[in-house]
Amino acid sequence: MTDAPSNLGVTPRGAKPRKRLTPTNIMLYGTLFVASVYYLLPLYVMLVTSLKGMPEIRLGNVFAPPVEVTFEPWVKAWAQACTGINCDGLSRGFWNSVQILVPSVVISIAIASINGYALSLWKFKGSEVFFTILIFGAFIPYQVMIYPIVILLREAGEVLSAVTGTKIRLMGSIWGLVIVHTIFGMPILTLLFRNYFASVPEELFKAARVDGAGFWQIYFQIMLPMALPIFVVAIILQVTGIWNDFLFGVIFTKPDTYPMTVQLNNIVNSVQGVKEYNVNMAATMLTGLVPLIIYFASGKLFVRGIAAGAVKG
Amino acid sequence: MAVTDGAQEVSRRTISKRPNRLFKNMTAKIATIPMIFTALVVFIGCTVWTIYHSFTKSKLLPAPEKWVGLDQYERLWSTRRWLVSIENLAIYGICSLVLSLVIGFTLAALLDRKIRGEGIFRTIFLYPFALSFIVTGLVWQWILNPQFGIQGVVQRWGWESFTFDPLNNANIVIYGILIAGIWQGSGFIMVILLAGLRGIDEDIWKASRVEGIPAWKTYIFIIIPMMRPIFVTALVLIAAGIIKVYDLVVAQTSGGPGISSEVPAKYVIEKMFQSQNLGQGFAASTMMLLSVLVVLIPWAYLEFGGKRRD
Numbered sequence: 001m002t003d004a005p006s007n008l009g010v011t012p013r014g015a016k017p018r019k020r021l022t023p024t025n026i027m028l029y030g031t032l033f034v035a036s037v038y039y040l041l042p043l044y045v046m047l048v049t050s051l052k053g054m055p056e057i058r059l060g061n062v063f064a065p066p067v068e069v070t071f072e073p074w075v076k077a078w079a080q081a082c083t084g085i086n087c088d089g090l091s092r093g094f095w096n097s098v099q100i101l102v103p104s105v106v107i108s109i110a111i112a113s114i115n116g117y118a119l120s121l122w123k124f125k126g127s128e129v130f131f132t133i134l135i136f137g138a139f140i141p142y143q144v145m146i147y148p149i150v151i152l153l154r155e156a157g158e159v160l161s162a163v164t165g166t167k168i169r170l171m172g173s174i175w176g177l178v179i180v181h182t183i184f185g186m187p188i189l190t191l192l193f194r195n196y197f198a199s200v201p202e203e204l205f206k207a208a209r210v211d212g213a214g215f216w217q218i219y220f221q222i223m224l225p226m227a228l229p230i231f232v233v234a235i236i237l238q239v240t241g242i243w244n245d246f247l248f249g250v251i252f253t254k255p256d257t258y259p260m261t262v263q264l265n266n267i268v269n270s271v272q273g274v275k276e277y278n279v280n281m282a283a284t285m286l287t288g289l290v291p292l293i294i295y296f297a298s299g300k301l302f303v304r305g306i307a308a309g310a311v312k313g
Numbered sequence: 001m002a003v004t005d006g007a008q009e010v011s012r013r014t015i016s017k018r019p020n021r022l023f024k025n026m027t028a029k030i031a032t033i034p035m036i037f038t039a040l041v042v043f044i045g046c047t048v049w050t051i052y053h054s055f056t057k058s059k060l061l062p063a064p065e066k067w068v069g070l071d072q073y074e075r076l077w078s079t080r081r082w083l084v085s086i087e088n089l090a091i092y093g094i095c096s097l098v099l100s101l102v103i104g105f106t107l108a109a110l111l112d113r114k115i116r117g118e119g120i121f122r123t124i125f126l127y128p129f130a131l132s133f134i135v136t137g138l139v140w141q142w143i144l145n146p147q148f149g150i151q152g153v154v155q156r157w158g159w160e161s162f163t164f165d166p167l168n169n170a171n172i173v174i175y176g177i178l179i180a181g182i183w184q185g186s187g188f189i190m191v192i193l194l195a196g197l198r199g200i201d202e203d204i205w206k207a208s209r210v211e212g213i214p215a216w217k218t219y220i221f222i223i224i225p226m227m228r229p230i231f232v233t234a235l236v237l238i239a240a241g242i243i244k245v246y247d248l249v250v251a252q253t254s255g256g257p258g259i260s261s262e263v264p265a266k267y268v269i270e271k272m273f274q275s276q277n278l279g280q281g282f283a284a285s286t287m288m289l290l291s292v293l294v295v296l297i298p299w300a301y302l303e304f305g306g307k308r309r310d
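Listed in order, the protein sequences are those of chains A and B. Residues in the first sequence are numbered from 1 upward in steps of one, following UniProt numbering. Residues in the second sequence are numbered from 1 upward in steps of one, following UniProt numbering.
Among the hints, a few may not be true.
[Stated by the list, open to error] To spell it out: a stretch of chain B is covered by chain A in this simulated footprint if at least three of its residues, at any positions, have a beta carbon under 8 angstroms from a beta carbon of chain A; those stretches are: (1) 76-82; (2) 89-100; (3) 241-247; (4) 280-290.
Because the hints were derived from the structure by calculation, they are not lab data. All figures in this text were calculated on a predicted structure; none of them were measured in a lab. Every residue gets a Cβ at the ideal spot worked out from N, C-alpha and C, and that includes glycine.
Sequences are here, hints too, so could you generate the full structure?
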């Protein structure tokens, strides 16, 4: 019932502005402030611990700011921290993660966007059934499917080796992991693209069809350029998701191809040697840096990406 | 579910000359082979494979399978470690469900009160969600360190008898993990509920203000019941996350002290890949699937069964 009179532009809308220091406002901002402390504390602790020397840590407490700022723990975490016999630091894990990340993101998004495109504009008999299976599959715990996948990858590797005549390993290599990330990223990404392409005006698609354009032509020349924003959302979603993965990394790769999260856990939770808390926190910070940068740089798009999971299909 | 019937019509018309239905829309079918493979072979095939093998006596594959019925399940439910895992999951699950919803909704409601700096607060509450469970677990392991962390700090302030050492106390270790889990995930729930709050018609608020109903009453009796579908979605998302809890425990406590912070997901992985006891792994993972179905089937029924919306 907003039958607005023409002079509405002058009358203030929304809640009446209240006085600054009402008890309600103090409560409101007080609660938000306390909550902020809880959420920010770990980031602060990570940062200050990583900038202290070990003697200072042993004397002080986790919350004290560093008296003498040192970047040595960061250097050590990056280049010298040990896992087992290897002492070349987290840098190896970082580059492994990059090598896993790039093909996984590209392939999973390419496949999912084609799925979404076919599901919304080129429906065929049974396509909805496959989509429903895909969405329900997203809720199946990974543990249920993981062992048969190990066997499948091992067998597929052997078949490929026999066919091509060269030794190809899928299990224990980066490519096996890429396939696994593509499979488990598929439900949410397909949903994302399907919902997007379903909102594309039908006339556009029909017109292209009348002009004789086929499946791939319409995809590459019309849909792909239109869907760029949703591609960005998908990339944000996949980069953070794959970078943060631990379970698949630990099962489908070998120690020298371990992604960063797995190596980080091995460094920090290794039982040998004296615990160097500052190096550990620097290493933790380094691992968290990539998703944090993406989060702070992408702002609202990140929210859109994660909220895609909440959108009903 | 707006179906683009037009597209279907067009393709039907253009290819109607061909007699064989199988070749209709062939390019789309070929292009979605990876999806069809994932749906049929991985999601259905692998799940059925695991369920089937949970009834066999397999220690290490490939080995001749021997049907043993429910033996694996009997063994599973008489293993202390599994019972501890289930208990932990129940405590963690219930607490994290309640706390995520309460904290998430409180923060969302506060942010919805037309405050200054909403963007900053939202950024602060949500950033942990971008971090991995490994990072989360390791940071909280350090903050909860008995010597240098919260306990040490309070003791040094003069309260000598203060004890807060969840990670080394078998009775409360799961709450130590809960603190970290809530820190990581509650911002996400806040974002979803905030979107729900923003979808509430402004007129509802105007009406309740005219009637003189206090804000908290409006929330409890009007807004929350209106947001039921969003709450159900949030609930399903939290529940799906709870059953997957694995890396957080691995990073923060490695299941210790002893076996006091074990969880089912960790039990499965260790049975399958470390102690080579596949049958137990399959039985335990089938139990995980069962618990997901208990949540999922009523939800799917409410959401897609019953009355149809268009």
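Going through the hints against the structure:
For the segment 76-82 of chain B, the stated coverage by chain A is not satisfied: 0 residues place a CB nearer than 8 angstroms to a CB of that chain, which falls below the threshold of 3. For the segment 89-100 of chain B, the assignment as covered by chain A is violated, since 0 residues bring a beta-carbon within under 8 angstroms of that chain's beta-carbons and 3 are needed. For the segment 241-247 of chain B, the proposed coverage by chain A is satisfied: 4 residues have a C-beta within less than 8 angstroms of a C-beta in that chain, meeting the threshold of three. Counting residues of the segment 280-290 of chain B whose beta carbon lies closer than 8 angstroms to any beta carbon of chain A gives 7, which meets the minimum of three for the stated coverage.
Of the numbered hints listed earlier, those contradicted by the structure are 1 and 2.
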